[in-house]
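Engineer: Each chain is listed here by its residues.
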Amino acid sequence: MLRNKIKGVVLVSLIGVVTLSSCSKVKRDPGLEYAPQMYRPIAYNPDQKNEAFADGKTAQKPVEGTIPQGFEVFHYPNTPEGYEAAGAELHSPLAKNEANFEEGKKLFLNMCSQCHGKTGMADGAVVAKAGFPAPPHYNSDALKNLPEGKMFFTITYGKGAMGSHASQLSKEERWKIIQYIQYLQKQ
Amino acid sequence: MSTNPSVFLKNYLKKGLLILTFVFFGVAQALAADPKEGETLFKANCSSCHAVGKKVTGPALKDVDKRHEEAWIIKWVHNSQAMVKAGDPVAVKLFNENNQSVMTAFPNLTEDNVKSILAYIKQEGDAIDKAAAAGPVGGAAAESKGTSTFTIFSLLGLVGVLLLVIWVLNRVIKTLEQIVANRKAEGLVEEEVEEEEKPSAFAVKLKKLALNKKVIALSLLTAIVVLSAWSVREMWFTGVTQNYQPVQPIKFSHKIHAGVNQINCQYCHSGAFKSKNASIPSANVCMNCHSQINEYKGEPIFDAEGEKIDGTAEIQKIYAALDYDPTTQKYGTNTRPIEWIRIHNLPDFAYFNHSQHVKVAEESIRAAKGLKAEDPVCYACHGEVAKMDEVYQYSPLTMKWCINCHRETDMKHLPKNHYYDNMVEVHDRIKRGEKVTVAQMGGLECSKCHY
Numbered sequence: 001m002l003r004n005k006i007k008g009v010v011l012v013s014l015i016g017v018v019t020l021s022s023c024s025k026v027k028r029d030p031g032l033e034y035a036p037q038m039y040r041p042i043a044y045n046p047d048q049k050n051e052a053f054a055d056g057k058t059a060q061k062p063v064e065g066t067i068p069q070g071f072e073v074f075h076y077p078n079t080p081e082g083y084e085a086a087g088a089e090l091h092s093p094l095a096k097n098e099a100n101f102e103e104g105k106k107l108f109l110n111m112c113s114q115c116h117g118k119t120g121m122a123d124g125a126v127v128a129k130a131g132f133p134a135p136p137h138y139n140s141d142a143l144k145n146l147p148e149g150k151m152f153f154t155i156t157y158g159k160g161a162m163g164s165h166a167s168q169l170s171k172e173e174r175w176k177i178i179q180y181i182q183y184l185q186k187q
Numbered sequence: 001m002s003t004n005p006s007v008f009l010k011n012y013l014k015k016g017l018l019i020l021t022f023v024f025f026g027v028a029q030a031l032a033a034d035p036k037e038g039e040t041l042f043k044a045n046c047s048s049c050h051a052v053g054k055k056v057t058g059p060a061l062k063d064v065d066k067r068h069e070e071a072w073i074i075k076w077v078h079n080s081q082a083m084v085k086a087g088d089p090v091a092v093k094l095f096n097e098n099n100q101s102v103m104t105a106f107p108n109l110t111e112d113n114v115k116s117i118l119a120y121i122k123q124e125g126d127a128i129d130k131a132a133a134a135g136p137v138g139g140a141a142a143e144s145k146g147t148s149t150f151t152i153f154s155l156l157g158l159v160g161v162l163l164l165v166i167w168v169l170n171r172v173i174k175t176l177e178q179i180v181a182n183r184k185a186e187g188l189v190e191e192e193v194e195e196e197e198k199p200s201a202f203a204v205k206l207k208k209l210a211l212n213k214k215v216i217a218l219s220l221l222t223a224i225v226v227l228s229a230w231s232v233r234e235m236w237f238t239g240v241t242q243n244y245q246p247v248q249p250i251k252f253s254h255k256i257h258a259g260v261n262q263i264n265c266q267y268c269h270s271g272a273f274k275s276k277n278a279s280i281p282s283a284n285v286c287m288n289c290h291s292q293i294n295e296y297k298g299e300p301i302f303d304a305e306g307e308k309i310d311g312t313a314e315i316q317k318i319y320a321a322l323d324y325d326p327t328t329q330k331y332g333t334n335t336r337p338i339e340w341i342r343i344h345n346l347p348d349f350a351y352f353n354h355s356q357h358v359k360v361a362e363e364s365i366r367a368a369k370g371l372k373a374e375d376p377v378c379y380a381c382h383g384e385v386a387k388m389d390e391v392y393q394y395s396p397l398t399m400k401w402c403i404n405c406h407r408e409t410d411m412k413h414l415p416k417n418h419y420y421d422n423m424v425e426v427h428d429r430i431k432r433g434e435k436v437t438v439a440q441m442g443g444l445e446c447s448k449c450h451y
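Going line by line, the protein sequences match chains B and H.
Mapping to UniProt numbering: the first sequence position 93 is 93, numbers consecutive.
Mapping to UniProt numbering: the second sequence position 168 is 168, numbers consecutive.
Just so you know, the hints here were simulated from the structure itself, not pulled from any lab data.
No experiment lies behind these values; they were computed from the predicted model shown.
There may be inaccurate statements among the hints.
[To be verified] Here are the simulated lysine-lysine pairs, BS3-like style, with alpha carbons at most 30 Å apart:
(1) B:LYS27 / H:LYS75
(2) H:LYS308 / B:LYS118
(3) H:LYS122 / H:LYS55
(4) B:LYS171 / H:LYS435
(5) H:LYS369 / B:LYS105
(6) H:LYS308 / B:LYS106
(7) B:LYS144 / B:LYS129
(8) B:LYS61 / H:LYS387
(9) H:LYS400 / B:LYS118
(10) B:LYS49 / H:LYS317
(11) H:LYS330 / H:LYS75
(12) H:LYS184 / H:LYS213
(13) H:LYS369 / H:LYS359
(14) B:LYS129 / H:LYS276
(15) H:LYS359 / H:LYS400
(16) H:LYS75 / B:LYS49
(17) H:LYS75 / B:LYS118
(18) B:LYS144 / B:LYS106
(19) B:LYS27 / H:LYS251
(20) B:LYS150 / H:LYS330
(21) H:LYS369 / H:LYS387
(22) B:LYS150 / H:LYS55
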């Protein structure tokens, strides 16, 4: 009798262990959810689907002819003439102080160095390992005297293989980065 | 030096040819067009927009010497815009063909410099032609074919073995059936009856056991314990999505981007340092690199199930979403969003702000979690994302998890902040029994009322 009991216990616990551990290690499902009305926002998240709009997106572009509050329009057109004009007229509204320099350095290392390299020598990993065309060095003939307005234009619209970084960097951030690039130009 | 007459003759012929070249092109020019110097100049000035074999921002430069005259090229390099404005038909056509992107003027490059660059381009172009002539019987192609045929053959072999096993088993069954038939024919039916009785005896025993009250009680008890343990566990982890690792529409590998190519987290999740949301990058951020990088050539990548990911096909998915044609480098209008699946999801009633943690508290969090200096602060909660091919939720994101970290994190690294100076001062004045107004405690800040 005792042997049978042991057998029974072993059998039941085996079944238990098997059912509990049968789930695969990769968790493709988020699992159970309780009271979703308390967890999910009523308002739409910006990156959520939205049936109310024809294109199904919550994140809509501003209506044509309007600009979002706080947004500053960049008045130079993306043309060769605009580039030259920006180079001649556009200057940083920020004071060139140490705090801005330090922030510019940090932003440069995070946002630019993967291609331009930590010192502007075009030796970032995206160039060295992924095969992105190498940009010119900051201290090369073409760039060492580049005016700051042209730099701002380039970060805003992109130039050559470089794309626009306007969606990632605010105007102030762009000017802070430029202050650090000007330091690298002289290296 | 050499007594071999053919080598002697060869040397003379070579020298003769060289002299002939000098006569034809002039000594100075032949010395000036140095492909080695050209290579350095090309890499320093041209390669950010031009490649020899393919179109990048500017056109492919292979055979450029056949398309344009040397003098024209030199003029173009010195100031292409002047030529476009002067209305040179070839220059205008070239400008329009390349999306009107302006080529930087290089007035500093001398004529000899440009000639050296052209010599380098010619050398590279010839190398490409040679490689093309060698045909697609390249080493890599043969190798990849080899592995695939190996797989096919081994699979075929496996099928063969399985067929053999089926055949053998069939034979065995047939033989056994024949033996049974033979025995039946011999009249050995009693044995079969005996065989049936044996398991029935066992079944009786089993029945007896199943009706035993102690056994019933014990199995019921075990079932209750197992079930309640299971339900407690399920309830405990309801809404906790730790380790959640959904299949994303594009098999984006953080290991390749943040690990191998060392792209900072902030480059794509640029909201993390300045807003509540870390933000999922829009496809224009992908295109900052993938406008140029349209195939994957690195180490093989695998998903969580261990299946190999075709990186090049995944890059094509960005182009499909943007309706981008990599050959013409033009965007179409038939775009559709990439529907990423959200992994980290806080309930609506909990407020979390990325910039508060990543920017203000960066040093404190680094110290509390013992992060290495070169690691991004993001690792504290998201784990070593730069080592994940497929991202999963590293932290439980439960309230207990938040509270524990807030209990333990030392604020000694707090950046200088007048808010706390003011708070301590007000605190001291209250202690001394002096008059303190609401305004002194920040009650006049606009956002206290107008939020």
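Engineer: If a hint holds in the structure, say so; if it doesn't, say that too.
Structural biologist: Going through the hints against the structure:
For the proposed pair LYS27 (chain B) and LYS75 (chain H), the alpha carbon gap of about 62 Å is over 30 Å, so the pair is violated. Straight-line distance between C-alpha atoms of LYS308 (chain H) and LYS118 (chain B) comes to about 33 Å, which puts the hinted pair past the 30 Å bound. Taking the CA atoms of LYS122 (chain H) and LYS55 (chain H), the gap is about 16 Å. The hint holds against a cut of 30 Å. The suggested pairing of LYS171 (chain B) with LYS435 (chain H) is violated, with an alpha-carbon distance near 44 Å, which exceeds 30 Å.
Taking the CA atoms of LYS369 (chain H) and LYS105 (chain B), the gap is about 25 Å. The hint holds against a cut of 30 Å. Between LYS308 (chain H) and LYS106 (chain B) the alpha-carbon distance is near 36 Å, which puts this suggested pair outside the 30 Å criterion. Taking the CA atoms of LYS144 (chain B) and LYS129 (chain B), the gap is about 26 Å. The hint holds against a cut of 30 Å. Restraint check: the Cα-Cα separation between LYS61 (chain B) and LYS387 (chain H) comes to about 35 Å, which exceeds 30 Å; the hinted pair is violated.
About 40 Å separates the Cα atoms of LYS400 (chain H) and LYS118 (chain B), which puts this hinted pair outside 30 Å; it is violated. With a C-alpha separation of about 19 Å, the suggested pairing of LYS49 (chain B) with LYS317 (chain H) holds against the 30 Å cut-off. Pair hint LYS330 (chain H) plus LYS75 (chain H) holds up; C-alpha atoms about 29 Å apart against a cutoff of 30 Å. Taking the CA atoms of LYS184 (chain H) and LYS213 (chain H), the gap is near 44 Å; set against the 30 Å cutoff, the hint is violated.
Simply put, LYS369 (chain H) and LYS359 (chain H) have alpha-carbon atoms about 16 Å apart, close enough for the 30 Å limit, and the pair holds. Using a Cα cut-off of 30 Å, the hinted pair LYS129 (chain B) and LYS276 (chain H) is violated, with the two alpha carbons roughly 33 Å apart. At roughly 23 Å between alpha-carbon atoms, LYS359 (chain H) and LYS400 (chain H) fall within 30 Å of each other, so this suggested pair holds. A threshold of 30 Å between alpha carbons decides the hint, and for LYS75 (chain H) with LYS49 (chain B) the separation of about 54 Å lies outside it, so the pair is violated.
Among the hinted pairs, LYS75 (chain H) with LYS118 (chain B) is inconsistent with the structure: their alpha-carbon atoms are about 35 Å apart, more than 30 Å. A distance of roughly 21 Å separates the Cα atoms of LYS144 (chain B) and LYS106 (chain B); the hinted pair therefore holds under the 30 Å criterion. Using a Cα cut-off of 30 Å, the hinted pair LYS27 (chain B) and LYS251 (chain H) holds, with the two alpha carbons roughly 16 Å apart. Restraint check for LYS150 (chain B) and LYS330 (chain H): the C-alpha separation of about 25 Å stays at or below 30 Å, so the hint holds.
For the hint linking LYS369 (chain H) to LYS387 (chain H), the alpha-carbon distance of about 18 Å falls within 30 Å, and the restraint holds. Distance restraint check for LYS150 (chain B) and LYS55 (chain H): the Cα-Cα separation of roughly 25 Å lies within the 30 Å cut-off, and the hinted pair is therefore satisfied.
Violated hints, in rising order: 1, 2, 4, 6, 8, 9, 12, 14, 16 and 17; the structure is consistent with all others.
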